[in-house]
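Novice: Single-letter residue listing:
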Amino acid sequence: MNTLSTNFKFFIESDINPFILFDSSGKILYLNSASEVLLGYVSRQELYDITLIYAPHNFGVRTTKLELQYDTFLFYAFTVSYENEDEIAIHLYHKPRIDTTNLLQMDKYRTTDINTLLEANISLFKLQNDNELSLLVDQDLPPFKIDQNQFSKLLRKILESFRASDSIFISLKLKIGEYIIIREKKEHIIELKIEANGRYVNSDEEIKKIAQANHFITILKEHSIYLQIPFIQ
Amino acid sequence: MTEQFITKSTQVEKIIKGFNLTKSLLVSSIIIGEPHTGKRTLIKHLFPNALTVDGSEQKRVEESLESSDELIIFNFHKLTNIDNLNFDNKRVIAIANYLSNERIIDNIFAFIYKMPSLKERVEDIELLVNLFSKDVERNLILEDKLEIDLNRINISSNTQSLIKSIYQEAFIQSCSYADIEDILYHYLLKNMEGSSDYKKYLPLYEKPLIKAGLKKYHSQLRLSDILGINRNTLRKKIYEHSLDQF
Numbered sequence: 001m002n003t004l005s006t007n008f009k010f011f012i013e014s015d016i017n018p019f020i021l022f023d024s025s026g027k028i029l030y031l032n033s034a035s036e037v038l039l040g041y042v043s044r045q046e047l048y049d050i051t052l053i054y055a056p057h058n059f060g061v062r063t064t065k066l067e068l069q070y071d072t073f074l075f076y077a078f079t080v081s082y083e084n085e086d087e088i089a090i091h092l093y094h095k096p097r098i099d100t101t102n103l104l105q106m107d108k109y110r111t112t113d114i115n116t117l118l119e120a121n122i123s124l125f126k127l128q129n130d131n132e133l134s135l136l137v138d139q140d141l142p143p144f145k146i147d148q149n150q151f152s153k154l155l156r157k158i159l160e161s162f163r164a165s166d167s168i169f170i171s172l173k174l175k176i177g178e179y180i181i182i183r184e185k186k187e188h189i190i191e192l193k194i195e196a197n198g199r200y201v202n203s204d205e206e207i208k209k210i211a212q213a214n215h216f217i218t219i220l221k222e223h224s225i226y227l228q229i230p231f232i233q
Numbered sequence: 234m235t236e237q238f239i240t241k242s243t244q245v246e247k248i249i250k251g252f253n254l255t256k257s258l259l260v261s262s263i264i265i266g267e268p269h270t271g272k273r274t275l276i277k278h279l280f281p282n283a284l285t286v287d288g289s290e291q292k293r294v295e296e297s298l299e300s301s302d303e304l305i306i307f308n309f310h311k312l313t314n315i316d317n318l319n320f321d322n323k324r325v326i327a328i329a330n331y332l333s334n335e336r337i338i339d340n341i342f343a344f345i346y347k348m349p350s351l352k353e354r355v356e357d358i359e360l361l362v363n364l365f366s367k368d369v370e371r372n373l374i375l376e377d378k379l380e381i382d383l384n385r386i387n388i389s390s391n392t393q394s395l396i397k398s399i400y401q402e403a404f405i406q407s408c409s410y411a412d413i414e415d416i417l418y419h420y421l422l423k424n425m426e427g428s429s430d431y432k433k434y435l436p437l438y439e440k441p442l443i444k445a446g447l448k449k450y451h452s453q454l455r456l457s458d459i460l461g462i463n464r465n466t467l468r469k470k471i472y473e474h475s476l477d478q479f
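Going down the list, the protein sequences come from chains Y and E. Using my numbering, read the first sequence as starting at 1 and increasing by one per residue. Using my numbering, read the second sequence as starting at 234 and increasing by one per residue.
Chain Y extracted, bound-state conformation:
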């Protein structure tokens, strides 16, 4: 048995996996910093309900393998634990985002002005569609390395999935405080968000496949697609 007596709070606080401690009425007694970000995207009540549903029948610990997605957060499992009637905790585990077996072919990556590439793709889309399109981009984004052909192909498929929407909103920005590990290096993330009042989902598998092969993260929702692109310089 572990007899070490120390303050574990620091370790939990700095864990990138969200950890939340509830009281018996669902009030939060403690949450680590990863949970604070998560609670911007999912309600406390929803997480508490999941905690109760998947709690072990008796005092103890129960880990459930279940995929949960809240906006860009994707979890592959979570642990619910309690040892008295007053406190119950949930610990969610991030799903690994990168397939490490798929190595980046850097020779195909060219320093690119993403805005030019985006404009070319929008121009192609506009040729065949007359949807209203609004664009919010950061013109000051510095050029970064990307496989121009693969990115364009992916973007064509993504935009096509919105072809029946009345109006489409596209935004491109650098995500603050979030990173992606590429070749053991922490890289910033550029997020391309496309939203509309609906979209076709028949190309979703193909979109995911191209995105994964290029280390892009895609979040495909009913009305929107988020594409997170490693900002490799």
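Calculated from the structure, these hints are not laboratory results. Glycine included, each C-beta is placed from N, C-alpha and C at the ideal position. Fair warning: there could be bad hints in the mix.
[Claimed, not checked] Stretch-level coverage of chain E by chain Y, calculated; a stretch enters the list once three of its residues show a Cβ under 8 Å from a Cβ in chain Y: (1) 242-254; (2) 317-330; (3) 429-437.
With the hints as your guide, set chain E onto chain Y.
Specialist: The following block gives chain E in isolation, referenced to the frame of chain Y:
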């Protein structure tokens, strides 16, 4: 020499904009459209220095892809094997008359453009007629400027039939009396073979004569005087040649 490309079509202008935006990028694009819509002229105009290869020559295309970073492949639909072509890190612009394999094309090309036919961009017809009329005037050493009725231009095969129409119009407009005699002579020499050929071929002269006369003088009475024939005879001939509507 840089190819000249002119258009008033918004669709084509958008295609040009798209190509201009990707000019500096290493992406693969394809432009698909009916034959003689100006695809190749447009691409040569936009990428004057790119190496150009014919898709009918599979081996040459493969070799060119090995040696060049920027390549135009025309007759792309004629390539026998497109599965193994490597477009990585290259600026490839393919030109095709039709989609030979939609799935593969969707897979290998980032940008897919559809070139509208002349039927879909009627605003370009007058522009092209004016452009090619100058060529025709020069080639046939015509002294007078051609006056082309756009309604008489055939665009069923895009610029191919358009140019043919202009040549035909140029010929019609520049024919002399002797030319017409020669034409009739050659035609009759080739086709005369029956027993009632006088009756059969007389309309070759008579029909255009009456048709032109009706257009010019508007009145059968006046025309009968001009032609020096009886009014009833003229009316009969109008009926025979189905020219009643003129």
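Novice: Between the region 429-437 of chain E and chain Y, are there enough contacts, at least three residues with CB-CB distance under 8 Å, for the coverage claim to hold?
Specialist: violated (count 0)
Novice: Report holds or violated for chain Y covering the region 242-254 of chain E, Cβ cut-off 8 Å, minimum 3 residues.
Specialist: holds (count 6)
Novice: So is the region 317-330 of chain E in contact with chain Y by the C-beta rule, three or more residues under 8 Å, or is the coverage claim wrong?
Specialist: It holds, with 3 qualifying residues against the three required.
In this structure, the one hint that does not hold is number 3.
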